[in-house]
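Listed in order, the protein sequences are those of chains B and S. 1 is the number of the first residue of the first sequence in the numbering used here; add one for each residue after it. 1 is the number of the first residue of the second sequence in the numbering used here; add one for each residue after it.
Bear in mind the hints are in silico, worked out from the structure with no lab data behind them. A quick note: this is a predicted structure, and the numbers were derived from the prediction, not measured. Wrong hints could be hidden among the right ones.
Label pairs and their computed distance ranges (CB to CB) [claimed, not checked]:
#1 B/Arg114 <-> S/Pro23: 54 to 64 Å
#2 S/Gln4 <-> B/Glu229: 37 to 47 Å
#3 S/Gly72 <-> B/Phe237: 24 to 34 Å
#4 B/Phe237 <-> S/Pro34: 42 to 52 Å
#5 S/Val85 <-> B/Ala120: 23 to 33 Å
#6 S/Val85 <-> B/Ile115: 28 to 38 Å
In this text, a Cβ means the ideal position worked out from N, Cα and C, and glycines have one as well.
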Amino acid sequence: MALPVWQQLRTELHPQGLEIVTVALDLEVDAARSWIERSGADHPQLVDTAHKLDEVLGVVNVPSAIWVDEDGVIVRPPHTAAVERYDFSKLKAPEGLPDDLDAHIRDMLEQVKRIPRFDADHYVEALRDWVEHGAASEYALSPDEVVRSSAPRRPSAAEAAAEFELGQYLHHAGHVDDARAHFRAAHRLQPDNWTYKRNAWELVSPGIQGPTEFYDGDWLSDIKAAGPEHYYASPGF
Amino acid sequence: MILQELRVTPDDLERQTGWELKPEGLCKDDRCVPLSDGTDGLVDVTVVAERLGMPLVHDEAHGLWALGPEAGGRVLASAQLPPIVLADVDGRAFDLASLRGEKVLIAAWASW
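Work out the full structure: start from the sequences and follow the hints.
Right, dumping it as structure tokens:
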């Protein structure tokens, strides 16, 4: 989880005029609570229980970041924000699992290893450059470039946003079972939106996000279908 | 936008979608589409959905609709950050517009 890294960057760059706002895309506030309370962050830490950032900004996966200048103008639309350094090549399944679960997790880890990783150091350098140079930074896009490089709003993606909105509304109103039909519709309409999928799967299959009677897809099947190389879009620099 | 009825006040529509009812029609930024309210002062959401290319999805059992965002073009119609108000873990609302004057990095993450 990248929260401690965002806090370090905030400590470094806040004196130069950067604020960081973390937003947890979590239907359940309590799922995010312990991470947030442990982070010790002194910047705003918010929870988007409706995944509104997907609809209004075009977020489809995490971690994603958006850069906004002093006038409230976006200078980089949602992009993969890799600020943590991981070595995924050594990932191993825990010992002593039942055979079927063991095979499923091994298969998941093989996919995880094929997900593209981006250079965290380069990302942080780009961020420092923008904080120092503002619009003159090569990493700050013009308003036209921001609009052009934001996600296309296909009719199916717009409908997915409406279905997810109904689903989260019913979920929070206590109609957890009835919400699922709308989450399922959102998954079908916008298959490349991983926040809609993963949050819904997590609620019925915690940790594994495996196949259930409730949803047509699951993490392993869907990442194989999409290709793990497409799981994260390049941040563009 | 969640709806329990398909006729809404212009104020509700504007607060939730940013589209404002003016004499010339329904307007947002520099875009306007022809539309007027009914004799009861309410706006027919099915007409709004059709004119603006917004999906309108229904949950029959609960008598609810959701009006989605305009389809077509790009998610960001302009580079101006749209209004975003979200709560912290204690339910306190925070308006991202309150950070004008600072550079802001919005970092989306999740527990899952």
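Tested hints:
no.	hint	verdict
1	B/Arg114 <-> S/Pro23: 54 to 64 Å	57 Å, holds
2	S/Gln4 <-> B/Glu229: 37 to 47 Å	44 Å, holds
3	S/Gly72 <-> B/Phe237: 24 to 34 Å	28 Å, holds
4	B/Phe237 <-> S/Pro34: 42 to 52 Å	43 Å, holds
5	S/Val85 <-> B/Ala120: 23 to 33 Å	31 Å, holds
6	S/Val85 <-> B/Ile115: 28 to 38 Å	33 Å, holds
Taken one by one, the earlier hints all hold for this structure without exception.
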